[in-house]
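Q: Spelled out, the chains give:
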Amino acid sequence: MLHIPSGILQDMIAHARELAPHECCGILSGKNQTVTEAYRITNILANMAEDDLSRFDGAKLSDLQRLSPEERADIAFQMDAREMAMAQRDIRSKDLELLGFYHSHTSSPARPSQTDITIAMEFEDYRKKLNLPEPLHLIVSLEHADRPDIRAYRIQDSHPTEIPIQQTSD
Amino acid sequence: MIKVRIPTPLRPMTGGKNEVEIAGNSVAEIIDNLSSAHPGIKERICDEQGEVRRFINIYVNEEDIRFLTGKETPLKDGDEMSIIPAIAGGK
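Same order as they appear, the protein sequences are chains D and P.
Throughout the first sequence, residue numbering follows the working numbering, covering 1 to 170 in sequence.
Throughout the second sequence, residue numbering follows the working numbering, covering 1 to 91 in sequence.
Hints in this document: simulated from the structure, not taken from any laboratory.
C-beta atoms are modelled at their ideal positions from N, C-alpha and C, and glycine is treated no differently.
Do not take every clue at face value.
Stated by the list, open to error - If you want the footprint, here are the derived chain P segments under chain D, 3+ residues with CB under 8 Å:
id	stretch
1	36–42
2	57–64
3	67–76
4	81–90
The shape of chain D in the complex, shown without the other chains (with noise of 0.2 Å):
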């Protein structure tokens, strides 16, 4: 289970309802489950340059090749790398965990994509070996606008897990 308080839930989806068609994303941390801040992150997708699109697997990297850059992060999210590190460092000095990352589906189901799902893993590899904990998944979907939904998964050997997002009062 997931504690997340109510003003952050609203705000996570009043980032994706911002940069829509844009996904969006972010970063959550707190401690013991429960989420105490959260962090918007640039999608730098729609600025990046058309080599470093090959960070993205073969399936999500023709798609991309196919659009322009702006709607380039209609479908795909590329946090800043700066700002990442810039959470990490507040969430360190702050004595909190990383809990989790979130991002938007602007037009589908609050699932991982299988390009969640292969980065999510990638993460897995590099995340164990500088101690980070292991961050949850979780998804806006504004697939229907007048009921966002936000699920968090847990992926472990490419399969995710929903756990449970249990709202908090502020």
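With the hints as your guide, set chain P onto chain D.
A: Just chain P now, kept in the frame of chain D:
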């Protein structure tokens, strides 16, 4: 020698290896020497101005080089350098 961890998207350039041993006294030297051994890899890590690309973090041991002295961060035998793309994904 410095153990350098290579991220998945760059492994085709290191013959599939996820770790390589490279000599060098700073992060910048390691990037140059890594590129001598595996041509083209520097361009994937750094932009035309020589700055680390916006989607990549480089760690020395467990610290991001942005909070050390950037590419001038000194390295000593036994240090580990990790090249890590920031989180990405998409529907």
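Q: Are there at least three residues in the stretch 81–90 of chain P whose beta carbon sits under 8 Å from a beta carbon of chain D?
A: The restraint on the stretch 81–90 of chain P holds, since 8 of its residues have a Cβ under 8 Å from chain D and three suffice.
Q: Does the stretch 36–42 of chain P contain three or more residues whose Cβ lies closer than 8 Å to a Cβ of chain D?
A: Three-residue rule not met by the stretch 36–42 of chain P, so violated; n is 0.
Q: In terms of beta carbon proximity below 8 Å, does the stretch 67–76 of chain P have 3 or more residues touching chain D?
A: violated (count 1)
Q: Can you confirm whether chain D covers the stretch 57–64 of chain P, using C-beta to C-beta distances below 8 Å and requiring at least three such residues?
A: n = 4 at 8 Å, threshold three: holds.
The earlier numbered hints that this structure contradicts are 1, 3.
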